[in-house]
Amino acid sequence: MSNRAGAQDLPGLAENLQWVMDWLPDPSGSRWTYAALAQACAAHGVEISPAAIRHYASGRRKAPPARLLFALSDAVGLDPRYFWRDTERIKAEIERLVTRRESGSPADYAADEA
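Quick note, the sequence shown lines up with residues 1 to 114 if you use the working numbering.
Derived by calculation from the structure, the hints in this document are not laboratory data. Every residue gets a Cβ at the ideal spot worked out from N, C-alpha and C, and that includes glycine. Any given hint could turn out to be false.
[As the list claims (entries may be wrong)] Here are the computed distance ranges between Cβ atoms for each label pair:
| hint | residue 1 | residue 2 | range |
| --- | --- | --- | --- |
| 1 | R100 | R67 | 33 to 39 angstroms |
| 2 | G104 | A66 | 36 to 42 angstroms |
| 3 | R81 | D26 | 20 to 26 angstroms |
| 4 | A92 | G45 | 28 to 34 angstroms |
| 5 | S49 | T99 | 28 to 34 angstroms |
| 6 | E15 | L97 | 16 to 22 angstroms |
| 7 | W84 | S58 | 17 to 23 angstroms |
| 8 | D9 | E88 | 15 to 21 angstroms |
Please model the complete structure; the sequences and the hints are all you need to start from.
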């Protein structure tokens, strides 16, 4: 999958994609890998190589086709707008919830549910 003329550059794409890999678990509960993301995209109808995903995550490529962003979003369980918006508030909330879950404190879960 190549950068196509006229595709919109997404300046925050590399940071947002790397954040997904660092914070969101794959279906097995492990961190996402480039290969796992490529397989998940294929399961959602978009063929892409692990190397191409690495290029987007590193910033080497900046203008992915929209169908790739939709496949990535479906694969990791995020709203597709995540890749187009300022996401600092969303990231902070997810990081807080992941940290609480990893600490194993049930009292923290109850506070989140209220």
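Okay, the hints, checked on the actual structure:
1. R100 with R67: 33 to 39 angstroms: holds (34 angstroms)
2. G104 with A66: 36 to 42 angstroms: With a Cβ separation near 39 angstroms, G104 and A66 satisfy 36 to 42 angstroms, so the hint holds.
3. R81 with D26: 20 to 26 angstroms: holds (21 angstroms)
4. A92 with G45: 28 to 34 angstroms: Roughly 32 angstroms apart at Cβ, these two residues keep to the hinted range, so it holds.
5. S49 with T99: 28 to 34 angstroms: holds (33 angstroms)
6. E15 with L97: 16 to 22 angstroms: holds (20 angstroms)
7. W84 with S58: 17 to 23 angstroms: For S58 against W84, whose Cβ atoms are near 19 angstroms apart, the range 17 to 23 angstroms holds.
8. D9 with E88: 15 to 21 angstroms: For E88 against D9, whose Cβ atoms are near 20 angstroms apart, the range 15 to 21 angstroms holds.
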